Amino acid sequence: MTKLRRKVYMIAGYNTISMGTGRKEFHPKKERPGLEEYIKEAGQAVLQMIGGAKNVDESVIGNFIAARFNRQANMAGFVPFIDEGLKYKPAIRVEGACGTGALALVTGIKSILAETAEVVLVLGVEVQNTVKAIYGADILAAAGWAKERKDGHAYFFPGKFSDRSKAYAERFDKEKTRQAMAKWFQNAIENARLCPTAQEYHNTTKDLIACGMLNPNPKGFVDSLNVFDCSKVSDGASAIAIVSEEGLIRCGISKNDAIEIMGFGQAEGDITQTPADLTQLDTTKAAVQKAFESAGVTKEQIATVECHDCFTIAGIMATEAIGFAEHGKGIDFVLEGNTARDGKVPFNTTGGLIGWGHPTGATGVHQAVTIWEQLTGKAALNQIEIKPERPYALSINMGGDDKTLVSIVYKKA
Amino acid sequence: MEYSERLQNVTVIGAAGKMGSGILLLTAIEMADLSLKPENKNRQFILNAMDVSDEALSGLMKYLRAQVLKAAEKKAVQLRSVYADRTDLIDNEEIIREYVNDVVAIVRPTTLIESAYNSTLIFEAIKEDPALKVKIFSQINQNSTKSPWFYTNTSSIPISKIDKEANLGGRILGVHFYNPPAIQKLVEIIKGENTLQELVDFANLYSKNLRKIVVPSHDFAGFIGNGHFMRDAIHGIREAEALQSKYSFAESIYIMNKISQDYLIRPMGIFQLIDYVGIDVCQYIMSVMNPYLPNEDLHSDLLDKILASGVRGGQNSDGSQKDGFLKYEKGKVVAAYDINTKSYAPIAEFQSKCDDSLGKVPASILPWKAVVGNPKKDDLFKAYFTELNQTVSFGAELAKKYALRSREIGLNLVKDKVAFTENDVNTVLLTGFFHAYGPINNYLD
Ligand SMILES: NC(=O)c1ccc[n+]([C@@H]2O[C@H](COP(=O)([O-])OP(=O)(O)OC[C@H]3O[C@@H](n4cnc5c(N)ncnc54)[C@H](O)[C@@H]3O)[C@@H](O)[C@H]2O)c1
Chain A
1 MTKLRRKVYM IAGYNTISMG TGRKEFHPKK ERPGLEEYIK EAGQAVLQMI GGAKNVDESV
61 IGNFIAARFN RQANMAGFVP FIDEGLKYKP AIRVEGACGT GALALVTGIK SILAETAEVV
121 LVLGVEVQNT VKAIYGADIL AAAGWAKERK DGHAYFFPGK FSDRSKAYAE RFDKEKTRQA
181 MAKWFQNAIE NARLCPTAQE YHNTTKDLIA CGMLNPNPKG FVDSLNVFDC SKVSDGASAI
241 AIVSEEGLIR CGISKNDAIE IMGFGQAEGD ITQTPADLTQ LDTTKAAVQK AFESAGVTKE
301 QIATVECHDC FTIAGIMATE AIGFAEHGKG IDFVLEGNTA RDGKVPFNTT GGLIGWGHPT
361 GATGVHQAVT IWEQLTGKAA LNQIEIKPER PYALSINMGG DDKTLVSIVY KKA
Chain B
1001 MEYSERLQNV TVIGAAGKMG SGILLLTAIE MADLSLKPEN KNRQFILNAM DVSDEALSGL
1061 MKYLRAQVLK AAEKKAVQLR SVYADRTDLI DNEEIIREYV NDVVAIVRPT TLIESAYNST
1121 LIFEAIKEDP ALKVKIFSQI NQNSTKSPWF YTNTSSIPIS KIDKEANLGG RILGVHFYNP
1181 PAIQKLVEII KGENTLQELV DFANLYSKNL RKIVVPSHDF AGFIGNGHFM RDAIHGIREA
1241 EALQSKYSFA ESIYIMNKIS QDYLIRPMGI FQLIDYVGID VCQYIMSVMN PYLPNEDLHS
1301 DLLDKILASG VRGGQNSDGS QKDGFLKYEK GKVVAAYDIN TKSYAPIAEF QSKCDDSLGK
1361 VPASILPWKA VVGNPKKDDL FKAYFTELNQ TVSFGAELAK KYALRSREIG LNLVKDKVAF
1421 TENDVNTVLL TGFFHAYGPI NNYLD
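Residue numbers (this note's numbering), protein chains in the order written: chain A, 1 to 413; chain B, 1001 to 1445.
If you are wondering where the hints come from, they were derived from the structure by calculation, not from laboratory data.
Keep in mind the model is a prediction, meaning the values are calculated, not measured.
You may find that some hints are simply not true.
To be verified - Distance windows between CB atoms, simulated:
hint, chain 1, residue 1, chain 2, residue 2, range
1, B, Val1052, A, Pro28, 48 to 58 Å
2, B, Ser1317, A, Gly85, 20 to 30 Å
3, B, Arg1086, A, Ala73, 42 to 52 Å
4, A, Arg149, B, Val1052, 44 to 54 Å
5, A, Asp151, B, Lys1062, 27 to 37 Å
6, B, Asn1316, A, Val227, 56 to 66 Å
7, A, Ala73, B, Glu1005, 25 to 35 Å
8, B, Pro1267, A, Val227, 45 to 55 Å
9, B, Ser1317, A, Arg149, 39 to 49 Å
10, B, Arg1238, A, Glu190, 28 to 38 Å
11, A, Lys174, B, Ser1144, 50 to 60 Å
12, A, Glu268, B, Asn1101, 51 to 61 Å
Where is the CB? At the ideal position from N, CA and C, for every residue including glycine.
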């Protein structure tokens, strides 16, 4: 894809808390907010920043699978619930498993490009703590091919990425792979501790590396991942507005508070096919390349990345898919500290899926919100330095096992 | 008869009781797991849940279903391979539900003792009444053609005595679970004089499959667990009685409970433990043990008195603690009983006075919770007890005396041939009573 035919901006990002184990407020037996509350909180926060519902032309809501977690479909119907002013305006729900959030972003971007809207409200939401993890695994398995479920692991997706990490470790370096996964976990938690909405904000574990180094327990869980390698079960919502030049003016937002979408890449893998090479994320690679081409930038110009670390190994493989490290060298790249918040290219500066949380359908939107905060200097304690020679940011959101991919390149407006 | 054959027809007697329900749950799961093995496809597995109370049996089936569901959720990873060839079961949820049904389908609730006549293995967990146990065993034995094995859960009745009186020809073994059996890791195995070795071997294998820790005990009333606990309780009671020259009854109970919990770094104080087990149960176990102890008097007038005043301890059917020596609110101790006024005195009213009189507490003291799982706990205990030894205070004196008595009880259990080894005594206290250290130690030397 080539350069975008029109300027597209993102403004007014907002995240609710990512709720689940780890948060002090969380208790599995206590009543908690539901879809309605999360959608309303995130939606209203954005509306307030952009001058109200009257400025919105249409809305996109991303949700993976409320139909099973919450017995709820027809999610677009919750958009007018945010604000009466959205009643009778267009709204659409999109779904692409854990890649849902970025599909929602892309849907909004396309509306701006198509000139059918100047201001699009984009939301992502998921409420998953309604069932025990063992049953949640059944629900999340829908992100894979249903016909593979029977032969899959009880914890279906951890099983998939356990196979990937095993293949990677055996092919390259067992010890170093485990160390790099532990390091990834440490970075994630350290970043999350700085972010009040992060699920791991209250984490006080002293020796994070020791947790990350724990031996997997194949009897109770999967062969090659321990629980610290996995993102947790989360409830939460994120929202942001996608606007044109005209939309910016309508909302009264200065470019100082906006980021520009420089390009994006979308790629789809065949859900019925097993990965050709378990040690690589091919679809991710294709999406990132398209995004770079579309934006006309190279990896050397990237200041920060939000990548889809549903599992530590996925984070490591993402460094390779982007091209920061050669195949098999992602572990060195991470161990050398390049992805840490003081490293060459800080990854997942608010904790990523492992540290901030992974309310599946909201994750892609959360990534955009974090980047908006970083590039406009609103990241508070999480703020990293954005150097003029590397002004761009990159996000990668993945649905399923490297199937539904969206990668976006951003820059401060 | 090999392992799974022996487990094809089993009866638990007293299945709806505290111990029986746990034994039933564990056995039902073990039997279901056997029944699901390909080689056992054509075998029937039957587990009779026998109890005299119809009402309790209905409650039991609900309990069983809920507990099996929890167990199934925990082992969903294995269950997926157990049901791998069942193409109709795809989600964890479907597999877990099927497993629960398979386990429950093995269990036949019944009030008829006759159902035990076809069993090859009988677990017994009725109340601690020697005559009743003997009566039931001989009835089954006389009417059965299976020469069944009897595993009794008795806490204090000698196995050889039951064997002789019921005429079981050595087909009886003490398989003594701890309460609650589904959670407690310890099983004491007690061989009677004539118990056949096969019964022991099978019980060891069965316990191992249940992932229990087995400690053999000699066939001596009370075995190791109660052998220590009952004497430890008597010590606490006598110490509290002695304190009454200076303190009120309630204060004395509070002080000895505190010494045995906080100062000895145990999970519960002695009076809380007595309440937990039930004051009546403790009194009864002592009365069963006492006739076998010519050189000591394992009896407490105080227990008789307090029971006579209507205070019993024990647990409500929902597992919450009933009031006993102490009064509980949401599981926390809030008051202590006063036998003289027959009422509970709030601890807040005298706590600081009592704590002050106990004097300086060693600085290295730690709550039980903080040490029990600590890999360096041995060092922590060494440091603490060394400091306790050097501390001159009323509290420290009581605590040292208590710890030394607990050790003496342990050593006597070995000397009197109740326990085979000192290590066995320690294992029982560590695993059956959740102590963080064994009573036989040299921390105070
Ligand atoms: N509770 C403990 O902490 C504990 C620990 C270890 C061992 N034990 C021993 O386990 C045994 C059972 O104790 P418990 O605490 O579970 O008692 P319990 O009172 O909770 O249960 C006894 C059960 O037996 C049933 N029962 C009574 N008479 C019966 C009969 N004739 N036929 C069939 N069922 C009958 C009762 O209905 C009841 O359900 C005792 O021997 C006790 O010493 C108890």
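Comparing the hints with the structure gives:
no.	hint	result
1	B:Val1052 <-> A:Pro28: 48 to 58 Å	violated (38 Å)
2	B:Ser1317 <-> A:Gly85: 20 to 30 Å	violated (56 Å)
3	B:Arg1086 <-> A:Ala73: 42 to 52 Å	violated (30 Å)
4	A:Arg149 <-> B:Val1052: 44 to 54 Å	holds (47 Å)
5	A:Asp151 <-> B:Lys1062: 27 to 37 Å	holds (35 Å)
6	B:Asn1316 <-> A:Val227: 56 to 66 Å	violated (36 Å)
7	A:Ala73 <-> B:Glu1005: 25 to 35 Å	violated (53 Å)
8	B:Pro1267 <-> A:Val227: 45 to 55 Å	violated (27 Å)
9	B:Ser1317 <-> A:Arg149: 39 to 49 Å	holds (41 Å)
10	B:Arg1238 <-> A:Glu190: 28 to 38 Å	violated (57 Å)
11	A:Lys174 <-> B:Ser1144: 50 to 60 Å	holds (58 Å)
12	A:Glu268 <-> B:Asn1101: 51 to 61 Å	violated (41 Å)
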